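Participant: So the chains spell out like this:
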Amino acid sequence: MMLVEKAGRKLFESRKYMTRQPETKCWRRFSEMCYQRNSETTMAGKPKLHYFNGRGRMESIRWLLAAAGVEFEEKFIETPEDWDKLRNDGCLMFQQVPLVEMDGMKLVQTRAILNYIATKYNLYGKDIKERALIDMYTEGMADLNEMIIVLPLCPPDQKDAKIALIKERMTDRYLPVFEKVLKSHGQDYLVGNTLSKADIHLVELLYYVEELDPSLLANFPLLKALKTRISNLPTVKKFLQPGSPRKPPIDEKSLEQAKKIFRIK
Amino acid sequence: MVGNHLLFQQVPMVEIDGMKLVQTRSILHYIADKHHLFGKDLKERTLIDMYVEGTLDLLELIIMHPFLKPDDQQKEVVNMAQKAIIRYFPVFEKVLRDHGQRFLVGNQLSLADVILLQTILALEEKIPNILSAFPHLQEFTVKISNIPTIKKFLEPGSKKKPPPDDIYVRTVYNIFMP
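Read top to bottom, the protein sequences are chains A and B.
Counting along the first sequence from 1, when you hit position 182 you're at 182 in my numbering, and nothing is skipped either side.
Counting along the second sequence from 1, when you hit position 43 you're at 43 in my numbering, and nothing is skipped either side.
Note that these hints are calculated values from the structure, not bench results.
In this text the structure is predicted, and so the values were computed from the model without any measurement.
For every residue, glycine included, the Cβ atom is placed at its ideal position computed from N, Cα and C.
Wrong hints could be hidden among the right ones.
Pairwise CB distance ranges, derived in the manner of DEER restraints [unchecked claim]: (1) A/LYS237 - B/LYS34: 33 to 41 Å; (2) B/GLN118 - A/LYS259: 29 to 37 Å; (3) A/VAL150 - B/GLN10: 36 to 44 Å; (4) A/GLU210 - B/LYS34: 21 to 29 Å; (5) A/PRO155 - B/MET64: 13 to 21 Å; (6) B/LYS126 - A/GLU211: 37 to 45 Å; (7) A/LYS106 - B/LYS75: 44 to 52 Å; (8) A/SER184 - B/LYS126: 39 to 47 Å; (9) B/GLN73 - A/THR194: 45 to 53 Å; (10) B/MET64 - A/GLN187: 37 to 45 Å; (11) A/GLN158 - B/GLN101: 43 to 51 Å.
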């Protein structure tokens, strides 16, 4: 029973209303009202994502929500005025996005948001030890992802060096670890033989590896297989199709717009 | 480190409960979870997560500070102070003022309190009056510092490390960039 309805029934059953029987028209109307409010809440209860219209730090959140089969709305920050309004409305705890409005909360900080979603939708392992493994793997991925996220902001003369470093990290530090994990237990998922946020984040990353240089995945057959397997899950498959909320790599025009909105030089 | 004990070839690494944990946040979460410093339910946990993540952004500036070029270090102290006073401290000051409790979340000690105290103390080393406009944070600092376990850690001879100095910086460079 939704909280509103529970509260409604509690109120209704309190002394004041004791003379009414639950089956009377009055209760039915009252409970309909509660139900309607609940439905409205549920309908309006889709998570709402506030970010600019691009990947950035919000993309992992989009992936995770999509993989969990959760439909969401997006409100794009498109002008400096949008950005000012968001900050002045007091919605942003630390004056930063991503911001995800969900379940009555204004969630900020990418990791906090991802952890909440993962816990809510059972993508965070079954116990503290599995959570620790998922955390470790995810944090490694986040370090690599961070390099990719900030790459568009890199000065043109440093870009080649940065890309070379990213590729080196991919093939020397990160991909071998996850290939080894899969090899060690021979299971379909990284942790606990069940889909978790670790698998989703990894597959997202593997798509970026592929975008950078498809040949990089050549020596990682198990990772390639994981990528295929996860991509074929109905929710993920839907997210990978055109027209989904998945964002393309940032182009020059969008980058300039983002810089203008957030007043980055 | 010979023997491949570091998952991503990085430290920190903490050997605990049969695991070789790496990645600071994973280690912090594990310890917090195990010792009931992560709230009583998902909503409290998420609140703690948000506060910790924000505080860690500030702490990161402090951690990286010794490795900046000497010319940039003074500028960065100003940046840290501004971020603390404008972006982070007001949030926690308001949280404490609004609920009037001793701890940030759920009326009990959590990871959020510990990380915030660490950050405040580290900032005070560089900017002694950084809390001057935040009476509730001042009170918070005193109260949390007086918790027996934390009080013990703040005494001389504990495992708490001193502020980074030149020897520390040189050692790090020697190890990671010989």
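Participant: Against each hint, give a clear statement of whether it holds in the structure.
Facilitator: We went through each hint and held it up to the structure:
no.	hint	result
1	A/LYS237 - B/LYS34: 33 to 41 Å	38 Å, holds
2	B/GLN118 - A/LYS259: 29 to 37 Å	34 Å, holds
3	A/VAL150 - B/GLN10: 36 to 44 Å	19 Å, violated
4	A/GLU210 - B/LYS34: 21 to 29 Å	38 Å, violated
5	A/PRO155 - B/MET64: 13 to 21 Å	20 Å, holds
6	B/LYS126 - A/GLU211: 37 to 45 Å	42 Å, holds
7	A/LYS106 - B/LYS75: 44 to 52 Å	33 Å, violated
8	A/SER184 - B/LYS126: 39 to 47 Å	45 Å, holds
9	B/GLN73 - A/THR194: 45 to 53 Å	47 Å, holds
10	B/MET64 - A/GLN187: 37 to 45 Å	38 Å, holds
11	A/GLN158 - B/GLN101: 43 to 51 Å	48 Å, holds
Going down the numbered hints, you'll see the structure goes against 3, 4, 7, while the others check out.
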